[in-house]
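Asks: Reconstruct the complex from the two isolated chains, following the hints.
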Amino acid sequence: MTPDTISARITDYANRADPYPLYAELRKTPVLREDDGTYLVSTYYEVRNLANDPRLSNDTRNRPSGYSRTADAEDTGLPPSFIFTDPPVHDRLRETINRPFGPPHSPRFLDGLRGELAKVVTELLDAFEGKDQVDIVEDFAYPLPVTAICKVLGVPREDEPRFHGWADALASSLDPQAGEEGQEKAQRARQELGAYLSDLIETKRRRPGPGILSTLAPDMTPADLEATAVLLLVAGHETTVNAITNTTLTLLRHPDVLDRFQKDPDLAVPLIEEVLRYEPPVQFVPWTTALADIDVAGTTIPKGSPVWLMLAAANRDPKRFMDPDRFDPHRKDNEHLGFYTGIHYCFGAPLARIELHLAVPELFRRVTFSRLLEDPPPYRANAVLRGPRHLPVAIEGLTA
Amino acid sequence: MSADTDVEALRRQGRIVVVGASLAGLRAAETLREKGFTGSLTMIGDEPYEPYDRPPLSKQALLGRARPEDTALPRRRDIDAEWRLGVAAEGLDRDARQVRLANGDTVPYDRLLITTGTRARPWFHPEEAALDGVFVLRTRDDCARLHRKLTGGVSRVLVIGAGFTGSEVASVCRELGLEVTVVERGPAPLVGALGGVIGAVADRLQRKKGVDLRCGISVTALEGDDVGRLRRAHLSDGSAVDVEVAIVSLGAMRNTEWLAGSGVAAGARGIACDAGCRAFDVNGIVTDDIYAAGDVARSPHPLFDYQFLALEHWGNAVEQAEIAAHNMICSSPERRPHLWLPMFWSSQFGVNIKSVGVPSLGDQLVVTQGTLAEDRFVAVYGYRGRVIAAAAFDGAKWMGFYEQQIAAGAPFPPEYGTVDRRTGTLQAVDPGFPDPHLPTHGPTVTLTGHSPSERRVEFVPSHA
Ligand SMILES: Cc1cc2nc3c(=O)[nH]c(=O)nc-3n(C[C@H](O)[C@H](O)[C@H](O)COP(=O)(O)OP(=O)(O)OC[C@H]3O[C@@H](n4cnc5c(N)ncnc54)[C@H](O)[C@@H]3O)c2cc1C
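Chains as they are written, first to last, in UniProt numbering: chain A, 1 to 400; chain B, 1 to 464.
Hints listed in this document are in silico derivations from the structure and should not be mistaken for laboratory results.
Virtual Cβ for every residue (Gly too), placed ideally from N, Cα, C.
Mixed in with the good hints, there may be bad ones.
Heads up, simulated EDC-like pairs for lysine to aspartate or glutamate below, C-alpha to C-alpha not over 16 Å straight-line [to be verified]:
1. A:K263 to A:E362
2. B:K208 to B:D237
3. A:K332 to B:E175
4. B:K149 to B:E175
5. B:K209 to B:E179
6. A:K303 to B:E415
Incomplete in silico selection of chain A near chain B, CB under 10 Å [unchecked claim]:
7. P87
8. D256
9. I294
10. A297
Here chain B stands alone, though its shape is the one from the complex (with noise of 0.2 Å):
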């Protein structure tokens, strides 16, 4: 079935398959029913679970307050789909409309939804990786391990990267009672997302609650014993810790490899795609059959410049998923845009944090609200005059307002008084993003691709 034609015959009994059966393949695939598909649904996932939540594996699971097999996302409605699980797809025939599977079935279909997110960026030296206590966090799998691991009487813990997920884990372990090492090669926990000035935050925050931080510092080894067990980590200063477990925190890759060879324009940044969701081919033309949503999807954004932004955040990938179910099953004039304003939180070291737009494109920082010495406040990031984003920490009830200046494209700094604005002036400073050519690990946002105006933002991510 092509474009347009006999969108009727598609919803009532097309084919749609589904690759990746997680968080946003479960939210398309109950949008797809919710709107009036009645034809049939594949569910294809390597896990051999039931879609699941993962922003709790390194929060309340990890700590030991739910259990990692708990963590199955509610059901908004019946899919009645055949679910294909514990099986990956290897391959993607686009003449022939039929993903391969790794057991040698094919599956036919008229439209097709990858979903297949992201995975943990493994350490990058492959014996180290296999020793026993070197751990990654992305799967229920994962979580269930380390938390066997860290409350099975381990003294010292090591997390390689302090992005949000390596933050969120040394703060699980000071909460466990846990010795813990953060080494961060950027100057700062959270600086790719959130930059120097929020990082210092971070960093003083973490030290309060006694973790042992090293910033500007990277892991070049991990030794083992002649069991196999981790034992030492060798640090870029020339010192060691003795630690028994690692969490390598390094940041995601995305799951297009399987897609090498179909066509797709996917890449190591994702799968290209246009704001309806639609995948581009190699070409960049837009398919018409294949969509994309969640971690493993970037699309362009008019109010970033039409950068294509690629977000690793469980909101975008509910909104994506829904957007492209909507979009799968009508015709052109009825298709909607992507058009979510980025959002994301994190909860660590007892203080919630939470940020709308893109941080990492702002030029300028301001405090609106509270004090960075409280560690509770808001902070606006301008990008050439406007509000491009904000992050709070403890204040997250305010970012609704801020995403509206976002949207709005509201001037910057903001001149306005706010409840606990603490100065009569906002005085605007650099925010400290690194150099974007020096890696650091675990922004949430990257930018990549040109804008389609003169403006163009360079932002070369670390390990794109």
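Same shape as in the complex, but just chain A (with noise of 0.2 Å):
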């Protein structure tokens, strides 16, 4: 990437904080080609009509050599995860995933989880007594998604420790800047994560106990499993950790919302949709192909091209939304692409959506904050999925 390109800008680590202009100077120009041949989209029609397109692949190895691939498309001996493949292979793997986690045939797995999460809330929450300062990601939003996950796929919680830098590798390969070092220490991770799910999955299949990976290890190939359980646990690692630090953060930036939603926590579910609106947790979509040429508001993305899906940057597209950048937990008709859309619409927000209700609320319900210690907050080096890598924020009290 050339420097000085509005991509490399938008990935450059001093833009993290705010890319919200960059974004918007982006829009000017619906479909961006950069000098690499990549198109940038923005627009929020745009970026739903693509990513609704059959004529856009998920797969990167139908990108022409010289484009950058994912650590997931190969090397690592495991197949792509679902993520990263079109259809049929990819309904075949999303339907079997789906099967004990959502409904119509598990329709009361999540549902299940709620006791145990809220448990971990409280415990987490109880934490706080007698601090004046904590910080909210490493002590709060980080663990919560961490035990869910582990929950959801029946990973004991002790292993957490082990796979915490895998999934930090992998993640951070997602970024288009992770660079060849990245991608080889994504390789790595992904590798030896691998080797650790193989060995659990190995146990699963002779000693079924809870969580997904013993329902489906007699119905998929160990190593399609292997890969799927390896993306769930990236994504349940990075993208709900990101949510509700962002969640934290926009309200304690608009104390009048914070004090609207203390006097009415029904506001919670519109709430948590705003945000995901105005701070999606994953900023953009950088791995998709042109199958053929594709025609996008005046310009012709030729087949081979690889194209960004700019979601954050649709999200605040003022020809969709009113006022974009105003942060309205009030705003009607509010759909957002934060979790995407189309058949690779996040496959785990309904479990996102449980956590957040679970988080935000009772977070506020029993804290007395103070301020925030530092705003904007450092952030994680990753562009894609953009959040905050820690929160320091001073605090007065702790109810029951």
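Replies: This is the structure we're talking about:
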């Protein structure tokens, strides 16, 4: 990537804390061609249409050589996880995995996790007792999703620290600026995590326990199941953490909204949706490829071109959302792209919503905040899975 | 109040009457209020219930997953209307601008919206239709009665007609563990709506799920016992099936009889109206105070050669109602056309079926994604070299794209690469619509009327 292109500025860490002016600039050219032949699409309707366009592939193997692929695609001995596949493989995998996870086959699986997750929330908040300062990321937003995804998969909680590092390396590799070193790290992480999971899956096969790995073991090849588990672990680690942190940050930056929310906890539903529009945890999807010449908003994206779908820019498109830079929990008709759209719509969205709805209202019910200690907070390097690395806040007290 | 004069007064204190208090009627009423209509609003409906949703009646509600009485349509807003439920409109006096009700009341209007929809076509033989065990499925009550019967220990069920409703009912029966025989006069299920190529997939699906499917055959008579209970059905191939329940799914008839003699262009094919939902009178002159929307309306669509389309589609009813409501209370330059792209969905035998456009207009078909063999595919219909419709089995998510292709008049056959495209070249085939003169049941679209250009498509619907 040549420096100074708009995609270089978006990935530049200097702009991580507030990429939104860049997105606004980007939207002036709804379909922007970079010198290397990559196309950035940033307006709402165009992004939405492309995400639902069968001529756009998620399988980076369809890219001509010379363009970046994902760590997922090759050399790890594992097949691509379903996020990087197209139908029919995608549909078959996703459907299989959905069977133990959601309706119609398992309508109560996620619901059944609520009790345990609520307990985790309580424990995490109890530990705030006596402190006048906490890090929302380390002390709250990170541990909850990790527990959740471990429960979903049936991973022993005590193994969690081991794959913390693996998940980090893999998530970072989604970032276009990860570079060769990042990709190599990710390959290694994927192999090691793969080996760990392979053992775990073998154990589950012999002695089924709770969690979907046990349920799925008989229905999937070990390689497919491993690839899936890797994906879910990474997704479960990075995205919900950012969503919870972003919500906290946004509320602390909007005391008037926070005040309304504390008086009316029912505001949680539209408020959380608005955060997903306003600060989406996945900012853009840089791994799609055109399978044909595609005409979009007066521009033809040639067959074989890498396409970036700029979800966070689309979410603030004034052609779709009134006053888009305003954080407005009363917003009507909020069909944001925070969870993407189309066949690759976030698989974990129902779980993420459950976690957010358990975590956010309880956090603001129990904790009396005094202020943000750093604003903007330090961000993670990742431009795609964007979120604060730490969110230090001063607190005044804790109610039971 | 006449056209365009004093629209403001109409908005403030006009009288709007809606006849047909169901999906289209309710959505229109909500839109009127949304758009600032503050006059009086009267909702007239012959059913005793507040507006409810019909699609679940042949799906979740029939299966017992939802109760028929829990299908009330969610309200978008308060409409502050006077409800006249359980009483039918019986006549219309255009000169006096009054609707006459079955109980003798008259209701005056400044603007009238007709959304009387359709009703189920009954079994052609009235005595046989009256047998205990013979059902149709259109209303909440129909659904409740049929559900009770199906879960009350019957062994074999007969479904007459394998259009969408019939096929959905058959699917529910199988899910309830009942033996079911489906008799369809056409060569395959869904053939009227989607053609024989897709019909063959539906055919295979039904048999795979254990339906005793008999196509190319019709039911000739229903036979009862001496106390009037259904016992047997006789078929045109000379065979007979012993059944206690028969569900007649032979399509719908438009509720226009009450308009006889009113001077409105209303007939068996519905109420002819312009693209702005204004009804025509019998002379073909557009009225300015009478509007129609939903299943009962038919209007010209530019994308389909200005054919008058009558669509029995949920989404059409909603959008047409919104357009009608908008147009009723604004001056002519502000009026909008109803240019909805036909869209229909169904779910049966574990498959989600969705179609956009007008498949029955298609003269060619290609499978662009997936394959017919896996019951998961997208098929695109061509009409004289352009894309006119698409239908998907378990591929609903792609339909928005094909909708745009239809709207853009994209060339057919499509040449572009897509995900899940299985062949290098796309083989165009005849979609296999039955000879339009042969009766089949349950097409979701009826094409009638003539095009303003010399291109005209003759399509004679079976039961119009
Ligand atoms: C079982 C079933 C399943 C369906 N499934 C689907 C589906 O999966 N997808 C889809 O797109 N569509 C489906 N439909 C079609 C969809 O329900 C209709 O398109 C929609 O209901 C049309 O709404 P409407 O308001 O125009 O007419 P209707 O819903 O027919 O309402 C008309 C109302 O007017 C009343 N009425 C009639 N005459 C008079 C009179 N003279 N005076 C007063 N009132 C009168 C009627 O009793 C009725 O209540 C289904 C329909 C049925 C019956």
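Asks: Indicate, hint by hint, whether the structure satisfies it.
Replies: Hints, one by one, checked against the model:
no., hint, result
1, A:K263 to A:E362, "13 Å, holds"
2, B:K208 to B:D237, "23 Å, violated"
3, A:K332 to B:E175, "39 Å, violated"
4, B:K149 to B:E175, "15 Å, holds"
5, B:K209 to B:E179, "11 Å, holds"
6, A:K303 to B:E415, "13 Å, holds"
7, P87, "4 Å, holds"
8, D256, "27 Å, violated"
9, I294, "8 Å, holds"
10, A297, "13 Å, violated"
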